[in-house]
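A.B. asks: Sequence:
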Amino acid sequence: MNKYNNLYCKVFLDTDINREQLLPLIAKLINGKVSRREIETSIAKISVRTNDDFDENQREEFPDGFLYYRFFLDIEPLKDTDQKVYIETLSHFLESLWSLNYKVVAACDFEEELPRKGGYNWL
2 MNKYNNLYCK VFLDTDINRE QLLPLIAKLI NGKVSRREIE TSIAKISVRT
52 NDDFDENQRE EFPDGFLYYR FFLDIEPLKD TDQKVYIETL SHFLESLWSL
102 NYKVVAACDF EEELPRKGGY NWL
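Residue numbers (the numbering used here): 2 to 124.
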């Protein structure tokens, strides 16, 4: 039985590299393939988007500065993806980004199950 009806996850990501540099990095970390401005994996599709609300100064504010990070990722599971596998994969992905010192915050229905509870309000 599925615990969540909606596995969509929006991940706010802050970096000063451009999207063309970010796409292959994300693909490598999550074992995916770049297709235009998206990354396809065996369990999810990730759209890498420039945040229209990006603000150089507000992105540094705590705790809600993440809303002004340079990028966000729209992550949607593929049909019939196992919820547990999806959440575990997303957890490893977030940990990989944090290990590279990227500022990352995940917003989703299951963020309580993610490491650092998705990264919100985390120093």
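Be a bit skeptical, because a hint or two may be false.
With a cut-off of at most 30 Å between alpha-carbon atoms, the simulated DSSO-like pairs for lysine-lysine come out as follows [stated by the list, open to error]:
#	residue 1	residue 2
1	Lys118	Lys34
2	Lys46	Lys80
3	Lys4	Lys29
4	Lys85	Lys104
Read the hints as simulated data drawn from the structure, not as lab findings. Note that this is a predicted model, so its numbers are computed, not measured.
A.B. asks: Which of the listed hints are not met by the structure?
C.D. replies: When the structure is compared with the hints, none of them turns out to be violated.
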